[in-house]
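**Student:** Sequence:
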Amino acid sequence: MKIEEDLLLSYGGEIKSYKQNEFIFREDEKPAFYYQIIEGSIKENNYNELGSEFIQNILGTDQSFGDSFLFLHKNYNINAVALTDCQIIKLKKDDFFRLIKEYPDLSVDTNKCLSQRLYFKTAMIQNLASSLPEKRILGLLDYLKSFHKDDDKFSFLVKLTRQQIADLIGLRVETVIRTAKKLERENFLKIDSRKIYY
DNA sequence: GCATTAACTACCT
DNA sequence: AGGTAGTTAATGC
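If you read the first sequence in UniProt numbering, its first letter stands for residue 1, the second for the next number, and so on.
Calculated directly from the structure, the hints in this document are not laboratory data. It cannot be assumed that every hint is accurate.
Unchecked claim - Calculated lysine-lysine pairs in the BS3-like style (CA-CA distance at most 30 Å, straight line):
#1 K16 with K2
#2 K135 with K101
#3 K135 with K16
#4 K121 with K135
#5 K74 with K2
#6 K93 with K74
#7 K182 with K145
#8 K153 with K93
#9 K16 with K93
#10 K74 with K121
As the list claims (entries may be wrong) - Now the in silico label distances, taken between C-beta atoms and shown as ranges:
#11 K135 with L50: 21 to 31 Å
#12 D85 with R185: 34 to 44 Å
#13 L72 with S193: 40 to 50 Å
#14 D151 with E5: 24 to 34 Å
#15 K30 with K145: 32 to 42 Å
#16 K195 with E27: 25 to 35 Å
Even glycine gets a Cβ: it sits at the ideal position worked out from N, Cα and C.
Kindly produce the complete structure, drawing on both the sequences and the hints.
**Tutor:** See the structure below:
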């Protein structure tokens, strides 16, 4: 989901900088803003009882986050954390609703975006339910690639560390490494100087 | 700091 | 028993 920066600003949006590892919002807080990334990347995550991390999503430039919570009266059930230094534009909930009310096309876009997220979340859950690590990794790669434009074979560079991949699909790094190599042998992906292309 | 490998353990069918 | 993921530790990039 992307809304023009000028439009967001004219409706009261504010640009804020976040440092790496800074929380943008936390679990159990009350959602109050629409967020859109101008520069940098963020992750949405949870921590389990043992303190180990599960990453729900990783988002970059021109992607929005937190929007789905604005339509509910529920608190966040995820944290949002800056992965890199970031510039993010935030728009108050009321202003966001005023904006989409006055621009019905944006309202439709919001629906489209939420639908797409729901679709891929469902696909992700199906893959995560599998005990096969290959399926989990390929599912994640399909998901990540769905945000990208071109669909060519190994055109998509995965800009995640092995650890981040592991945290996104609930595996250990070593398993991700082993399985990625296996998938390379089977020609599902390509690895060039430690980078994964899909 | 991140990626890889190896040797080991544990679990599951 | 065989296969596979997790654990630990050492090493390489």
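**Student:** Look at each hint and say if it fits the structure.
**Tutor:** The hints, checked one at a time:
no., hint, in the structure
1, K16 with K2, "holds, 17 Å"
2, K135 with K101, "violated, 41 Å"
3, K135 with K16, "violated, 38 Å"
4, K121 with K135, "holds, 15 Å"
5, K74 with K2, "holds, 24 Å"
6, K93 with K74, "holds, 14 Å"
7, K182 with K145, "holds, 20 Å"
8, K153 with K93, "violated, 40 Å"
9, K16 with K93, "holds, 16 Å"
10, K74 with K121, "holds, 19 Å"
11, K135 with L50: 21 to 31 Å, "holds, 25 Å"
12, D85 with R185: 34 to 44 Å, "holds, 38 Å"
13, L72 with S193: 40 to 50 Å, "holds, 44 Å"
14, D151 with E5: 24 to 34 Å, "holds, 28 Å"
15, K30 with K145: 32 to 42 Å, "holds, 34 Å"
16, K195 with E27: 25 to 35 Å, "holds, 32 Å"
Figure legend: structure checked against the earlier numbered hints; hints not met, in rising order: 2, 3, 8.
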